[in-house]
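**Student:** In this note's numbering, each residue's number is its place in the sequence shown (first place is 1) plus 1169.
Source of the hints: derived by calculation from the structure; they are not laboratory data.
In this text the structure is predicted, and so the values were computed from the model without any measurement.
Each statement offered as a hint is correct.
With a straight-line cut-off of 27 Å between C-alpha atoms, the simulated BS3-like cross-links for lysine-lysine are:
no., residue 1, residue 2
1, K1457, K1362
2, K1298, K1354
3, K1359, K1267
4, K1286, K1327
5, K1346, K1484
6, K1263, K1362
7, K1253, K1267
8, K1524, K1482
9, K1392, K1422
10, K1262, K1228
11, K1253, K1524
12, K1281, K1214
13, K1347, K1262
14, K1267, K1354
15, K1214, K1241
16, K1379, K1392
17, K1497, K1346
18, K1431, K1375
19, K1457, K1481
20, K1226, K1327
21, K1240, K1228
22, K1226, K1497
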Amino acid sequence: MIIVIKKKILIISLIIIALCISIISVYSNKTIDVLSESDYNTIIKNNIDTRNNAILKQKEGAIEKLYDLDKKYGVWAYEHEINKMNYLHSWSKKQGIKIISIEASPIINWVKEYDEKSSLNITLSTEYKYVYKDDIKNINTFRIGTYHAMDIEKRGNKWIITKDWYDDPFGDNLGVKKEDIENIKSIITKGNKNLETNDRREEIVKYMDKYLGAADNGENNYKYNNKYRDYNSIGGDCANFASQALFEGGEFKKTYSWNYEKDGTKSWVNAQAFKDYIIYSGRGKAIKYGDYSQVLDASYQLSKGDIVAYEKKGKVVHICVVSGVDSKGYRLVHSHNTDRFRAPWDLGFTSSGVKFWLIKLNI
1170 MIIVIKKKIL IISLIIIALC ISIISVYSNK TIDVLSESDY NTIIKNNIDT
1220 RNNAILKQKE GAIEKLYDLD KKYGVWAYEH EINKMNYLHS WSKKQGIKII
1270 SIEASPIINW VKEYDEKSSL NITLSTEYKY VYKDDIKNIN TFRIGTYHAM
1320 DIEKRGNKWI ITKDWYDDPF GDNLGVKKED IENIKSIITK GNKNLETNDR
1370 REEIVKYMDK YLGAADNGEN NYKYNNKYRD YNSIGGDCAN FASQALFEGG
1420 EFKKTYSWNY EKDGTKSWVN AQAFKDYIIY SGRGKAIKYG DYSQVLDASY
1470 QLSKGDIVAY EKKGKVVHIC VVSGVDSKGY RLVHSHNTDR FRAPWDLGFT
1520 SSGVKFWLIK LNI
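Please build the complete structure, drawing on both the sequences and the hints.
**Tutor:** Encoded structure:
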């Protein structure tokens, strides 16, 4: 009797072991390749370089091959890149410029591997170089910094994107009337390089240079100033960054209503409230308000440290700080969310309905 029971136990044990081996074998066949950090860096860099080259050359088909168009998020990611391509080339025509290179520096913060995909968190600094068509010797540079939640899957011998969530300023239509483009282009190409400055204005820009986040060139590790809270996840960090620069660099004293201790007051962190505070406190003066065509001439009065506030549907939604000029004197700006380094001041905000507040600081 004991021998029979032992035989039954042995048989059952062998069956269980066989099933376990079978299950492990099945799942191991579904597991994605084990990749190193270097492998992921190569995959992402090659993918983004291919995409940027296609955007530069307006090759829609080359972009399409990078995405899974059978999945909703893959379609959305693809459509965003097509919109970006169309916007950049329409904006370039309005400026009278040619974008000559787009170079990306991706930083992979972490990777999570699943049975059929890998999810990545990526900080991406993208550098754009452009020349004016009537002045091709002077090369201008700006950077846009973005934060990506990306999924990739292996199909055959290549990896394709099934999701890429991020925020950048290139999703809208240009919004400038075709009949106005030639007049706008003539104003821009004529330009005005005069740029008033002083020590306080220079220090405002110097502070922002150091804490550009994803728009950094790597010298400051793509970081914000950790003395201050990052408000990107709860509405945006643009006003907070501008306030920091005015206080830390421009020596603006804190007040009861414009303040930061453990957290920022509304006028410190909210774009609308920040714009109102700067104007109504007398620390700045609005020199022009209106749509792009209405404020373009006045934009050449802006100096380093001055403010551009962007209004949609009656509400200020973004704040930038003037940081310099390009080879034609077009004003360039720094900001957070989307992170910008010396980006042309209207880039991403020329859609119809957008109004601009141009504000000169009293310093």
